[in-house]
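> Residues per chain, in single letters:
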Amino acid sequence: MADTPAQDPWAQLRATTRARIGLGQAGDALPLREVLGFQMAHALARDAVHAPLDAAGPEAALRPHPVLHARSAAPDRSTYLRRPDLGRRLHPKSLSTLPNGPFDIAFVLADGLSANAVERHAAPVFRACLARLPGWRIAPAVIATQARVALGDEIGERLGARLAVMLIGERPGLSVPDSLGIYLTHAPRVGRRDSERNCISNIHTAGGLDPELAAAKLVWLMREALARKLTGTGLKDDADPAALASTAGLPPPT
Amino acid sequence: MGCWTAIAGGEQYRFEGLAQLLAAASPRRSGDDLAGIAATSDAQRVAARFALADLPLRAFLSEAVVPYEADEVTRLILDTHDAAAFARIAHLTVGDFRDWLLSHEADAVALAAISPGLTPEMVAATSKLMRNQDLIAVERKRRVVTAFRSTLGLEGRLATRLQPNHPTDDLRGIAAYTLDGLLNGSGDAVIGVNPATDSVPNGIALLEMLDGLRRQYDIPTQTCVLTHVTNAMEIMQRGAPVDLVFQSVAGTEGANRGFGVDLAILREARDAALSLKRAGPSGEVMYFETGQGSALSAEAHHGVDQQTLEARAYAVCRAFRPLLVNTVVGFIGSEYLYDGKQIIRAGLEDHFCGKLLGLPMGVDVCYTNHAEADGDDMDGLMTLLAAAGVHFLICVPGADDIMLNYQSLSFHDVLALRTMLGLRPAPEFEDWLIRMGIARPGGPIRPPELAASRLMQLAHEAGARG
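Protein chains in written order, with this note's numbering: chain S, 1 to 254; chain H, 1 to 466.
Be aware that a few hints might be false.
[What the hints assert, rightly or not] Here are the simulated distance ranges between beta carbons:
id, chain 1, residue 1, chain 2, residue 2, range
1, S, Thr205, H, Tyr217, 28 to 38 Å
2, S, Thr205, H, Glu11, 55 to 65 Å
3, H, Ala451, S, Thr205, 25 to 35 Å
4, H, Asp379, S, Arg33, 13 to 23 Å
5, S, Leu95, H, Gln216, 58 to 68 Å
[To be verified] Chain S is nowhere near these chain H residues, computed Cβ spacing over 10 Å in every case:
id, residue
6, Gly10
7, Ser62
8, Ile89
9, Thr93
10, Leu102
11, Val109
12, Asp180
13, Thr230
14, Gly303
15, Gly333
16, Lys341
17, Thr368
18, Ala387
19, Tyr406
None of these hints come from the bench; they were simulated from the model.
In this text, all values refer to a predicted model and were calculated from it rather than measured experimentally.
Positions of the beta carbon are idealized from the N, C-alpha and C atoms, including for glycine.
Required output: the full structure, derived from the provided sequences and hints.
Structural data, given as C-alpha cells:
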C-alpha cells in the first residue's frame, strides 16, 4: 500500500464509500490499527443501542404540529431487547391518550434500536413530508418509546388513519449509529404482516439517503398506496425522479 | 398426539406431542424462551433428550408438528417423502440414527443415499441429541456439489459470497467493494448485493453493472441482486441479466406469507430463470436465505421450536434445487439467539440440517450490535464451519456491512481460514485468480498492490463513472 494519498489509488475509491476497503494486511490478517478502530466502532454502536430517547428535541422540532407521547408494553430497555412482542403493543395507559380521526396519515417517531437516529433525522423527514402534503388530514405526531415497527399498526388503527408512517431508529451499524428507517402501512391494524409494508431505509447524513429525498419517495408511495389501496410487496417502488417531483403538493386520492 | 415420559433426577417429566418434546429437548435459546416453549429447567431439557432418543424415526411420518391441512410446507414434506430412501433407516430410533450418522459405515455415499428419505423434523430432532463435535463430524462427511459458472462444494475448497452492499446503492461504491473483494480472492460462490432500495429500476441498474463487470473480466462466478422474487420476475421480463433468483424463506406457510411468497410463486420464478438459459446443465438457478426465528417473528410458529422450523425451511429450499442456501445465523438479533454461544450452536445446527437434507449449505457468520457477541465469537464459528466443510461463507469489506448495519466476516477472515486449514477457492475461480496475478499457481492468495494489479483498470473505471 502506498504511503501518501496521492500515490494510493484506494484514496479515490474510499471517497465513494464509508466501507472499510483497501485496509492492507498483516499476513492474512488486518493491520492492528484497523482491528482497534473496528473495536471502537463496535463499542460506540453498543452504547447507542442502550441510549434512551430524549423526546424534548424532536418535540420542539415538530412544533407547531401537535405532538402526543406513547410507550410500548416493554417497561425498560433490557426487556425491550428480549421481548419484541411487547415492543409491538401499546402500553394500556397509552391507548386512552390517542384521539380517533379520521386522518389520512399518522406519523409515529419511534426510538427502535437507535434513539439518536430519531433525535437527529425524524423531524426533518416529517417537515419535508408536511410541505408536500397540503390539504391532507395529518394526525398529531406520536413520539413512541421502546417501540418496534409493528407498534405503528396499533397507533394508526387507534387514530383511525388510512396510512401509518413509522419513522424508527434502525439497528446501529459500525459506521453509522444513527440511521433512520421508514415503514409505510396502508390500513394499519394489529396483525399486519411485514410483507404488507413498504420500507425506505438508511436515512442519515453520513452518505445515506437525504431526508428531503426520503420524503419525496415516501410521499410518492403514500399517494400510490391510497390510490391502489395497499402497501407491501404489491406496491413496487417504481418511481422515476421526475414522478417524485410531479406529485408533490397534490391532495390525497380518495 | 403422542405422549412421552422420562425420569431424570428422581423426577418424572411428561411431554405432550412431538412439538413439545422437540422444543424441550432443544439447546437453550432466547427465541424459544420468548415463545414460551423452552424447557423450564436444565434437567427437563435432558429428560426430553432421553425421551427423544427412544422415539422411532417413523413417528415423524405419522405426527406432523404443523398440521397437514393448514400448511403447504407440511404437505410438501410428507407428499415428497421418499419411502425407498427411508427404508434403510426406517427401523432406527432418533438415538440410533445419531449413532449411525457418526459410524464409519455412514460415509458420503451412504449419507447422500438417505437424504430424500429424511424429513426436516427427523434431522432437527437428531441434531438436538448431538454435541457440536458430533455435528461437525457428520457435516464434514456430507459434501453437496452444485455448479453454475463455478463449481462449489468440492472437497478441500471453501467458497465465498462477496457482498458489496452500499447504503444508497451507489454504483461506484459497489464497484469499489467488489474490486477489494476480488483482489482478496473473494466472490467465487456469488457476487450478491442486497439493494438498499427494493425497486425494479434500481435492481436492473445494479444487475447490469455487476454483469458487465463479470463479463468484462471474464470472472467465473455468478451475480445476484437480492430483491424480492416478484421483483426478480419483473426484472427478468424487462430483459435484465438475472443469473440467480433470490428469496428469503421460512418453515411454515404463514411465515412465508410474511415474506410475501408461497411455493407456487417460487416455482414460477424458477421456471422463468431457467428459461433464460444462463445456468449450467444442472439447472441450479435459485439462491435462498433462511434463519432461525423468522417464523416466530412473523407470529406463524405453531408452538414449534425455532430450530425445527428452520430445518423445515430447508424442505422448501430443497424443492427448488438451489445453487446456494445460507442461514443468516446471527442477523436476527438477541431476541432469538442471545449471545455468541447460542449463535455458534445455531450456525452448526443449521449447517448440519441443511447438508443432511442435501442442500448446498452456506452460513453468514454474523452478529448485530444488540447481541452479546463479538468478533471473537465469529472467529470460533467460522473456523468450526470451515472444518465442517461449509459450502460457502459471506464476506464484506472489513467485516462491516454499512447498509444492513451488522457484522459479517471480512475478506481477511477467509484468507486466514484458507491458509490455516489449507482450503482453496472454487477451481474455475482459482484459475482466474492465478491469471489475474492474485493467487500463486497451486498455492496461496497474495492480494497484490492495487496500482500494480490487472484489475486496476476496473478501479479507474469505477472512479470515472457517475
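> Confirm or reject each hint.
A quick look at each hint next to the structure:
1. S:Thr205 - H:Tyr217: 28 to 38 Å: Distance hint for Thr205 of chain S, Tyr217 of chain H holds at roughly 35 Å.
2. S:Thr205 - H:Glu11: 55 to 65 Å: Given about 59 Å between the Cβ atoms, the range holds.
3. H:Ala451 - S:Thr205: 25 to 35 Å: Holds - the Cβ-Cβ distance for Ala451 of chain H and Thr205 of chain S, about 33 Å, lies within 25 to 35 Å.
4. H:Asp379 - S:Arg33: 13 to 23 Å: The hint (13 to 23 Å, Cβ to Cβ) holds, given that Asp379 of chain H and Arg33 of chain S are roughly 19 Å apart.
5. S:Leu95 - H:Gln216: 58 to 68 Å: holds (59 Å)
6. Gly10: holds (32 Å)
7. Ser62: holds (32 Å)
8. Ile89: Answer for Ile89 of chain H: holds, closest chain S Cβ roughly 38 Å.
9. Thr93: Since the minimum Cβ distance to chain S is about 36 Å, Thr93 of chain H lies beyond 10 Å and the statement holds.
10. Leu102: holds (33 Å)
11. Val109: holds (35 Å)
12. Asp180: At roughly 4 Å from the nearest Cβ of chain S, Asp180 of chain H sits no farther out than 10 Å, so the non-interface label is violated.
13. Thr230: Violated, since 6 Å does not exceed 10 Å.
14. Gly303: holds (15 Å)
15. Gly333: Gly333 of chain H is in fact no farther than 10 Å from some Cβ atom of chain S, at 7 Å.
16. Lys341: For Lys341 of chain H, whose nearest Cβ neighbour in chain S is about 16 Å away, the distance exceeds 10 Å, so it holds.
17. Thr368: Given that some Cβ of chain S is not farther than 10 Å from that of Thr368 of chain H, nearest at about 6 Å, it is violated.
18. Ala387: holds (17 Å)
19. Tyr406: violated (7 Å)
The structure fails to meet hints 12, 13, 15, 17, 19 from the earlier list, while all remaining hints are met.
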